[in-house]
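Protein chains: 2
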Amino acid sequence: MKAIIVGSIGLDTIETPFGIQKDILGGSAIHAALAASFFHRVGIIGVVGQDFTKEHFEFLESRQIDVSGIHRAVGETFKWSGFYEYDMNQAHTRETHLNVLGSFEGQVPESYRDAEFVFLANVDPDVQLTVLSKMRRPKFIASDTMNFWIGHKQEALWKVLQKVDFVLMNDAEIRELTKEASLPLAAKKLFSRGVANVIIKKGEHGALYFSPNDHFSAPSFPQDGLKDPTGAGDSFAGGFMGYLAYTGDLTPGNIRRAIIIGSVMASFNVEDFGCGRMRRLREDEIYRRFEDFRRFSEFEQIEPLVTTS
Amino acid sequence: MKAIIVGSIGLDTIETPFGIQKDILGGSAIHAALAASFFHRVGIIGVVGQDFTKEHFEFLESRQIDVSGIHRAVGETFKWSGFYEYDMNQAHTRETHLNVLGSFEGQVPESYRDAEFVFLANVDPDVQLTVLSKMRRPKFIASDTMNFWIGHKQEALWKVLQKVDFVLMNDAEIRELTKEASLPLAAKKLFSRGVANVIIKKGEHGALYFSPNDHFSAPSFPQDGLKDPTGAGDSFAGGFMGYLAYTGDLTPGNIRRAIIIGSVMASFNVEDFGCGRMRRLREDEIYRRFEDFRRFSEFEQIEPLVTTS
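Line by line, the protein sequences are chains A and B.
Going by the numbering used here, the first residue of the first sequence is number 287, and it counts up by one from there.
Going by the numbering used here, the first residue of the second sequence is number 287, and it counts up by one from there.
Bound-form chain A, shown alone (with noise of 0.2 Å):
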């Protein structure tokens, strides 16, 4: 396998101004190797439970999704129950049981440990470490994370955050952690703690990218069809590595690219409830919507100014 995925599978409750749905497919590692499907074949790193039915793995493996790194252990599949208000830029949780994810470590099968592209979506930073430490020799390796580990585990979230090439945070999670409001700012102290690459992803507002020797501000999209926010992020992150892998081009122009099809599988992502919109996508309509991110944010140089009165 060359690209996984490690993060949470869960089974979600969601209620946003536009309904409710209850018990959906879910997760960080669900949204990230969905967006990642439609540019490489993805293996899955994550426990499931026994009511996680064979619908779910035949969906994933229709996708061309490698689901023999899902452990299925006794017990009930993670759940996570919230709302969103009306602006919808902020996530309430009503309820979170952990289940069968609260004991899980990170096993890595072996068809695995070669891989050359590893995301560490969402999930306990220890898990994350674990997995890092059983890959032999990856060439990408991205992580996201959340404030909850930011809060309850910092100490492990750095040793991840030390180790990635790219570090993938929204914008209140870095604020968080640095405990500074000004983004630039906030990515000079993770360089200055040994952090390689940092995106900050800023929902509505688009996302941006800092080096320590460059900078790349990627364009919000006019959304106008927002049903559910939930999993963007992590579509952002698969989308993002999805197309490093199928393109197997690190260099600057082609992570700027990789950021803007982040930002197409993201808005596409919030179209419908949990996965739903990723069941239904076409390649031409992520192709289109690229060439739709161009048009809405390109402009032409100016010439020297010559100031008249």
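Be aware that one or more of the hints could be misleading.
Since the list can't tell identical chains apart, any single copy or any two copies may satisfy a pair.
Claimed, not checked - The calculated lysine-lysine pairs, modelled on DSSO-like cross-linking and capped at a C-alpha distance of 30 Å, are:
hint : residue 1 : residue 2
1    : K465      : K488
2    : K475      : K488
3    : K288      : K340
These are computed hints drawn from the structure, not numbers from a lab.
Since chain A is already given, all that's left is putting chain B on it; use the hints.
Same frame as chain A, but now just chain B:
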């Protein structure tokens, strides 16, 4: 006078995490005119009191700004005092004293009435309407506003919005006015009420342009030297109009460049208190920062997708 700006002229007392400055030159017309002055001569319509010093007039004239439209009234100049907390996204008002601004009606000198470029900076919408009614044949009209007028003079405000070519607002203001959380949907609501073009200023997140048939997402700038956000939106608007007056080109491609110029001028304005940065800004810095905006946001088209496994 080919280009004119009506708005407030004030003496501001501003506190940010970087310090406090008292009774410094400010106001929407001042910030806008200073930004515009790097591209084209502009005339200001506004009012000051007897405490507005000769040095302020001399500074404005040194920037080739026409001050013959500034009415000198008996009393004190408009004064605003406010502070910004750590994240500096939101101004908190301590005191507002309208003083002579409270009875200002919008007197327009005869020499301004043939202006082709008119910017109605933030001020009482009745004053904006009075000034507009005195213009003979403007080619280009833009307007800005603030939350106070949305709450207190919404009827007059709508009259302004329906008469101008470009409405500039920040994201919080358009959400408040339209009661719509989604910015693309908020813009559509404005179009349904007769608004022609909308530019949404999003501070650190860049700016959006919506017309009924076009969209442009202007990138954010990685500002690591933010000192005082006061007047950023006015500088944006002044740069936007000043560049359009300078080029005389209202084609869609040039509207985009003018929006970037607006972003450039706002990015400079926040680097010092009040008008401090504008006092020492040079044309070559503007040109180079425009290049930075391009460098930080450009990306290439992808090849059509051929998914592999």
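Against the structure, the hints:
1. K465 / K488: The answer is both: 17 Å in one copy and 22 Å across copies each meet 30 Å.
2. K475 / K488: both (19 Å within a copy, 24 Å between copies)
3. K288 / K340: within (25 Å within a copy, 72 Å between copies)
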